[in-house]
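**Student:** If you want the building blocks of each chain, they are given just below.
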Amino acid sequence: MENSLGKSINFIRTSEKAEHQVTHHHKIGHKHGEGSAIDFYAYASKLRCWNPTFKVVFSFLTLLLCIGLNNPFVSIAVIIGMAYLTVLKGGLSLAAYISVLMIPITFIIMGTIAIGVDFSSQPIGQFNLFLGFGYLFTSVDKLQEMAFLMLKVFGAISAMIMMTLSTPSSEIIGVLRKAHVPKLIIELMNLIYRYIFILMDVFNNMRNSADSRQGYCDFKTSCTTFGSVASNLLVVSLKKANAYYTAMEARGYEGDLIFLEDEKKMPMRHLVIGAAFIIFLIILGIMTH
Amino acid sequence: MNTSLNIREKRFIAVVAAIALVFGFTPVANAMHIMEGYLPVGFCIAWGVICIPFLIAGYMSMKKTLKENPKTITLLAMAGAYVFVLSSLKIPSVTGSCSHMTGTGLGAILFGPAPISILGLIVLVFQSTLLAHGGVTTLGANTFSMAVAGPFAAYGIYKLGLKLKINKHVVVFLAAALGDFFTYLITSFQLALAYPSEAGGVAASSIKFLAVFAPTQIPLAIIEGILTVVIIIGLETYAQPELNDLGYLTGGVR
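Protein chains in written order, with this note's numbering: chain A, 1 to 289; chain B, 1 to 254.
Hints are computed from structural coordinates only; laboratory data are not their basis.
Wrong hints could be hidden among the right ones.
Straight line, CA to CA, 25 Å or less: simulated PhoX-like cross-link-like pairs of lysine-lysine [to be verified]:
| hint | chain 1 | residue 1 | chain 2 | residue 2 |
| --- | --- | --- | --- | --- |
| 1 | A | LYS239 | B | LYS64 |
| 2 | B | LYS63 | A | LYS240 |
| 3 | A | LYS178 | A | LYS265 |
| 4 | B | LYS67 | A | LYS183 |
| 5 | A | LYS220 | B | LYS168 |
| 6 | A | LYS46 | A | LYS178 |
| 7 | A | LYS240 | B | LYS90 |
| 8 | A | LYS239 | B | LYS67 |
| 9 | A | LYS240 | B | LYS67 |
| 10 | B | LYS71 | A | LYS240 |
| 11 | A | LYS220 | B | LYS90 |
| 12 | A | LYS240 | B | LYS64 |
| 13 | A | LYS239 | B | LYS71 |
| 14 | B | LYS71 | A | LYS183 |
| 15 | A | LYS183 | B | LYS63 |
| 16 | B | LYS64 | A | LYS183 |
| 17 | B | LYS63 | A | LYS178 |
| 18 | A | LYS239 | B | LYS63 |
In silico negatives: residues of chain A with every beta carbon more than 12 Å from chain B [claimed, not checked]:
| hint | residue |
| --- | --- |
| 19 | ILE80 |
| 20 | ALA83 |
| 21 | LYS178 |
| 22 | MET268 |
Virtual Cβ for every residue (Gly too), placed ideally from N, Cα, C.
For reference, chain B alone in the conformation it holds in the complex:
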């Protein structure tokens, strides 16, 4: 094959391959759930263990909130259901493709990172049982990337931005988009750790996974950022009292 093609033909194949990669796979972008069976047993357990401290922290904070105000039980459940529904909605996209928000950035901004870890775990369980996205054995890895790392990054950026007195909507955009982006980085890294490249180890493998998922995940992160800003603007306009209610859960957007 190598000898029979001249350079121009090879270039042509390369360009076609690149186009096929970019356009062939974009129609179905999704939040990056690692599928059932993708990780070896050791990694499934390890990622689960890493999540435990965050989950315990979330559980404790939730217990405390409920003790102070038992009414929050339905509020928390609604928050979880809302994140689930948001993550299962088709979002508008330029190519007519079908993609979804992760909803974790908005969730972290509204409800705070602590309850989101537990709610995120439950949402992931329902996503695997009701939507067949993700899985039971990869629950630990997915919880870490989507319910811990992403929301914490988003919340951190949000708080930092507010402290630096940047325009709030810019901050919300950055928090949601970078939170999504961070989830994508972590997932690629998780996959790379489980499947290191022969030639270059984990680092080269990470780059491969980042490259393969980039055409779907980067536009998705930007769209998620924009939509989150639109949602927050809508909430500020129509739902100030409800937003104050949410202060119970966290001290989110007050």
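For reference, chain A alone in the conformation it holds in the complex:
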């Protein structure tokens, strides 16, 4: 009796957990398994009907300017411009946008601290802290450099996620194909992109069934379960690879994979506004140099 009660409570807990994971999407913070989320946003974006080549080239140019000019004003302009495009034009909710933007936050905080703070055996610099074996020190200049670096990184990230949040990967691959990336790599990318979702699905099923059998109850069991699931996943994926090759051959595969790509119009308006933004960034960079 007690046991079954415990189990039912446990069941409720796990279903709460599942609910929690469903609602988790719009929380700010670092999380993973986000893959399908970004892909989902890309398909749902209102910018999806824009010409993919334009989006890729535009965001790449913005990214290059943001890094190349290395100027806080340019970074702020890029952050604002890209947020405007993704949230207001693209129709993504602000919370979702910020949560995607925050994915690399740990790396940024840790990396920036390592750049801004220095150590030495003498108490030098404007601020220092004795740590037993030496001094951690920093200065106003360093702190300013840290802040500017953070702005630059966020500018660069927002330029890139403008592209990824509005262009599904298959269209990005299409752009790469037009840029004459070798055929073998394009084919592999197309296949890998599709297989990722298949394997994710298989993995989720395996994980759920392991989880419902208490496969993740403690650390040691989790390790064993993880290993078994991962090795099983490889076996399943290799079997699938053979089956997919047979399926491809049955449909007349003779060494060329051709994927359907729909052509999207390139309105003059986008080109003009895009060029204006790029020129604005360059002028802003030179003026505030």
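Got chain A sorted already, so can you dock chain B onto it with the hints?
**Tutor:** Showing chain B alone in chain A's frame:
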């Protein structure tokens, strides 16, 4: 600030700072992708150029494999997808934190270092577009640390260990853990080169980056080693024929 605190208080602050550093940041460990915008343009290009010979070698070997056996195209693609999925999985950890395998050590052991360079590049592209880890401009640096240096180190250690006739599972553990560790060394060095310390130059800066990332990366390398051994044991038990299939790609675990 310096005059107002006595030594005991300073010690206390130091200990608190150390604890905050270790525990404050461990919850989110990840393979060390250098983020978009972190490297100056010169370094982005330089690391890209350094990768090119490895990528060309990988491309050639892949082309040759495909010519001999066209069936390997889906196998290679599955291998790439597998490395991606593996690297996006949450792995069990003691603190309830959220961390990931790099998957490159296992990939190098299973598929060999040559195809892994190209597959790793593609996986990194998808990690930046689908997961927002890493970036386009830092692709060269990340490819070098994760798709070239790490796998080559892991494969080298694996082959060397087998030659020295050490227990295979110990070798797999060492290869995966040290491959991961090597990636962490290279990334820290890449960051240090781009941001040398004023007082001590690149060397001091490397030590800073190594220290900052050590609490997340060292346990991660060890866990990755253990999990890789568990996966290999599972494969040896259930998937001998599939492992033989993989011999096509490389002469990995045969």
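**Student:** Against each hint, give a clear statement of whether it holds in the structure.
**Tutor:** Outcome of the hint check:
1. Under the criterion of a C-alpha separation no larger than 25 Å, the hint pairing LYS239(A) with LYS64(B) is consistent with the structure, at around 23 Å.
2. Between LYS63(B) and LYS240(A) the CA atoms are separated by roughly 22 Å; this keeps the pair inside 25 Å, and the hint holds.
3. Proposed proximity of LYS178(A) and LYS265(A) is supported: the alpha carbons are some 16 Å apart, at most 25 Å.
4. Only pairs whose Cα atoms come within 25 Å are accepted, and LYS67(B) paired with LYS183(A) is accepted, the gap being roughly 14 Å.
5. A hinted pair counts as satisfied when its Cα atoms are at most 25 Å apart, and LYS220(A) with LYS168(B) qualifies at roughly 21 Å.
6. Pair hint LYS46(A) plus LYS178(A) holds up; C-alpha atoms about 24 Å apart against a cutoff of 25 Å.
7. Distance restraint check for LYS240(A) and LYS90(B): the Cα-Cα separation of roughly 24 Å lies within the 25 Å cut-off, and the hinted pair is therefore satisfied.
8. Under the criterion of a C-alpha separation no larger than 25 Å, the hint pairing LYS239(A) with LYS67(B) is consistent with the structure, at around 21 Å.
9. Restraint check for LYS240(A) and LYS67(B): the C-alpha separation of about 21 Å stays at or below 25 Å, so the hint holds.
10. Under the criterion of a C-alpha separation no larger than 25 Å, the hint pairing LYS71(B) with LYS240(A) is consistent with the structure, at around 12 Å.
11. Annotation: proposed proximity of LYS220(A) to LYS90(B) holds, straight-line Cα distance about 15 Å (limit 25 Å).
12. A hinted pair counts as satisfied when its Cα atoms are at most 25 Å apart, and LYS240(A) with LYS64(B) qualifies at roughly 23 Å.
13. At roughly 13 Å between alpha-carbon atoms, LYS239(A) and LYS71(B) fall within 25 Å of each other, so this suggested pair holds.
14. Between LYS71(B) and LYS183(A), the direct Cα distance comes to roughly 17 Å. Compliance with the 25 Å bound is thereby established for this hinted pair.
15. Under the criterion of a C-alpha separation no larger than 25 Å, the hint pairing LYS183(A) with LYS63(B) is consistent with the structure, at around 11 Å.
16. Of the pairs offered as hints, the one joining LYS64(B) and LYS183(A) holds, with about 15 Å between alpha carbons and a cut-off of 25 Å not exceeded.
17. For a cut-off of 25 Å, the pair hint linking LYS63(B) to LYS178(A) stands: about 21 Å separates their Cα positions.
18. Distance check on the hinted pair: LYS239(A) and LYS63(B) sit about 22 Å apart at the alpha-carbon level, within 25 Å; holds.
19. No beta-carbon of chain B comes within 12 Å of the beta-carbon of ILE80(A); the shortest separation is about 16 Å.
20. ALA83(A), annotated as away from the interface, keeps every beta carbon of chain B farther than 12 Å; the closest lies near 15 Å.
21. Every CB of chain B lies more than 12 Å from the CB of LYS178(A), the least distance being 16 Å, so the non-interface label holds.
22. At the 12 Å boundary, the C-beta of MET268(A) stays outside the reach of chain B, the nearest C-beta of that chain being 27 Å off.
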